[in-house]
Amino acid sequence: MTEKEYNLCVKDHADSVYRFILKNIRNKEDARDVVQTAFEKMWVNREKVDGNRCKSFLFTVAYNQMIDQLRKGKTMDLTGQMFDKPVYNLQENQTKRILDQALSRLNETQRSLVLLKDYEGYSYDEIGEITGLSESQVKVYLHRARLQLKNYIVKPENIIER
Amino acid sequence: MKIDHQNYTEYLLLYLDNELDASGRREMDLFLEQNPDQAEELKILQQATFVPDDSIVFEDKESLLRKEEDRRTIPFGWFKIAVAAMLLLSLGVTGWYYLSSAKNPAARSVAAQDNPLKKSNEPVSAGTVKKSGPPVLENHNTASAGSRIVPQVTVNNKRKMVRQEIITPPAQEEIRENHAVAAEGSGDQTVPAHANPDLNVAAHDQGNEDVKNSVAALKVNSGRFDSSEPSPGVYYENVPQVNDVIYFANTSFSKKTKFRELFRKASRVIEKVTSPGAAGELLRNNELEISTQ
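Chains as they are written, first to last, in my numbering: chain A, 1 to 162; chain B, 1001 to 1293.
So here's chain B without its partners, still in its complex pose (with noise of 0.2 angstroms):
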């Protein structure tokens, strides 16, 4: 930088406005020192600058002030909606356990029971619960001629489901199947002794398979099982008679189950269809049985 009579004006304004670093200062006082008619030019233009007057003040200074509006935070906020949500969780997942048991308040008392069950599912016998393999379906109609039996008890590899066996009178359905029944395997012991041979013409002409394999159970069963006894009520496989309940093991209630009562109604309605005279002769043979009984 260099200031000399060409270019002081600008030097000296930016003098003035104190615009110029350390350097510049030294050099324009040096300059304004041998050069005293800028010197007295710095003078006019230092008083035309301003001075602010501090008698002008904003009165009422205090409306200007302003004040945050009271904004009310409720602490814990988040802490409170997760323990009210915990609290709704429980609540629900108790009624819905409530509910659930309410439905089959029956399968509470089995599991209730389950402990001695599941040791009386060792593989003792072809009729018990296989724990390992594949599921097995039992049959049980032949469990007795004056109850039927609903398979309650089921085991499986990686989980245990329950059901509870109930004694329901029989049908008049299930009475003529165990009569077919009777008739069928009429040489084993389990065959009634007032059994009607006819039927078992009867039940053969209806071609019901599952008359066939209510006889194929009761053969494996009829070891540790006699039906012939005149009230059999209670069965528990290694307990001895409790009540009027039984309860069986098993494995499988699925498809095969339900195919089963679709053709046992199948064959139904066709042997109801096609000779309605030996149905109303097995009716009539039913009823003289039960009376006998």
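With the rest of the complex left out, here is chain A (with noise of 0.2 angstroms):
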């Protein structure tokens, strides 16, 4: 990866694995430093990293650095009650967040599995290259969490008005 190519990959891939990051961990300062460090991490690798895969590689780095953030415990469990405040704003529709609650209860891979899917659009197959895991695991672990999400918006408290 030549200086243009990373710096054309900065360019087109920060804003979004930024916000990859950024709505699974809930905390911009947490988001912000775990992007800049895997945007440091692939300058000092850029001569082993193809410029064309730069953005594969980009969410790796920040996947797995985001894990290793999140194993901390410092920002979050499972219920949510550590997030930061939402980033959205208050006077945001409803269905969005019902969205972020349904999606605050989902463990960190689903969560991470059903944003790469949503946000970036990966196949199953690219999603396993991010994460470690086979496609076979990514599949069983997105279906859940697509199904638990469902089952969250249904609920009769979370009926979305249309």
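Hints are computed from structural coordinates only; laboratory data are not their basis. As the structure is a computational prediction, the values presented were derived from the model and not from experiment. You can trust all of the hints, since none of them are fake.
Just some of the chain B residues that point at chain A, by a computed CB distance under 8 angstroms:
1) E1010
2) L1016
3) L1045
4) Q1047
5) F1050
6) D1053
7) K1061
8) L1065
Here are a few chain A residues that sit away from chain B, every Cβ distance over 10 angstroms (derived from the structure):
9) D50
10) C54
11) E108
12) L133
13) P156
Cβ coordinates follow ideal geometry from the N, Cα and C atoms, glycine included.
Take each chain as given, in its own frame, and dock them per the hints.
Given below as structure tokens:
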């Protein structure tokens, strides 16, 4: 990867990886640290990185960095009680709020799988490369997460008004 | 693939995640058309998906940009190294050449006169250079009674070595040897008239082989070299006398010369130890001979 490719990767994917990390850990500063560390690692290892696959490398490094940070127990638990305040505006519609609540009830792996699929449109195989899981594991974990999200939003108290 | 009410959930999620191929999608579309309840379930699953919020951006993105360090590369680096190596090599060779020449400046002068000498090396006599065949050591000790001639020119089949013969004042031992030669060949025309016959006896008593060799060489060269001339000075083989240098072609200076010198020294020592009286008389005769010349 050349300097030009690296800087292009920054411009193209810094926002997306930041959204992915922020959606997972719900803390701007932590998300920012993770993204900076991921880009720093990519710069240091730029000679080993294929410029055409910089996004995959970036998400992989960021995901592992995020997992390390989450496992320190600093920012969240499964109930989301230790989350920082939501990054979205309180005026946002109810659907988005309920979805964020549903997402916060997923474990860190499921949450990452859902976001990688929905945000970035990665295939099961690509998600497996980023997270270190097999394709079949991705499929199983992701399907469980989908059903869990659906079950959450269909609860009577979470019925989304249209 | 057969989608039914038992396995539709899996295919519904694969359909949601866009993991079905074209035929699978068509089959799923057909199933959903035929099953509105499952179609409603798909809508709920679709509502539980997430769309990226483009309002969320990484601020101060410029801080992530990097620039390569300025790596200064010297063009033609190997070329410069090669030029430097060639210069050093040429300086070394030149220096070696001049140093080696400075050690033996006479060799250069002889080398400059090499061409006429080569022409004179034709086998015109027994004392000249033999261009073909094994090297032959020539004895020059009888060239002159007043000078000593060191063999200087060597011609080999493969390689030519040139040396200069330097005329040096004769040592006392050399004078004695010459007198011994004179005594040995008293009937020859090259023997000085004032030679002392006693020396002949002394030389034979010592068993000096070197003296015998000198006599033999003297006889060989006597036809074309007259040692009885008062001051022979310089002798060229085909060139008239020039300066005080004589050039000879010789083809061997190796072990034979060394052994000759060794035997000569040994004989001198023996001579001094065994007959000091004869040596003293020899010296007195030599002084007398020098004074008469």
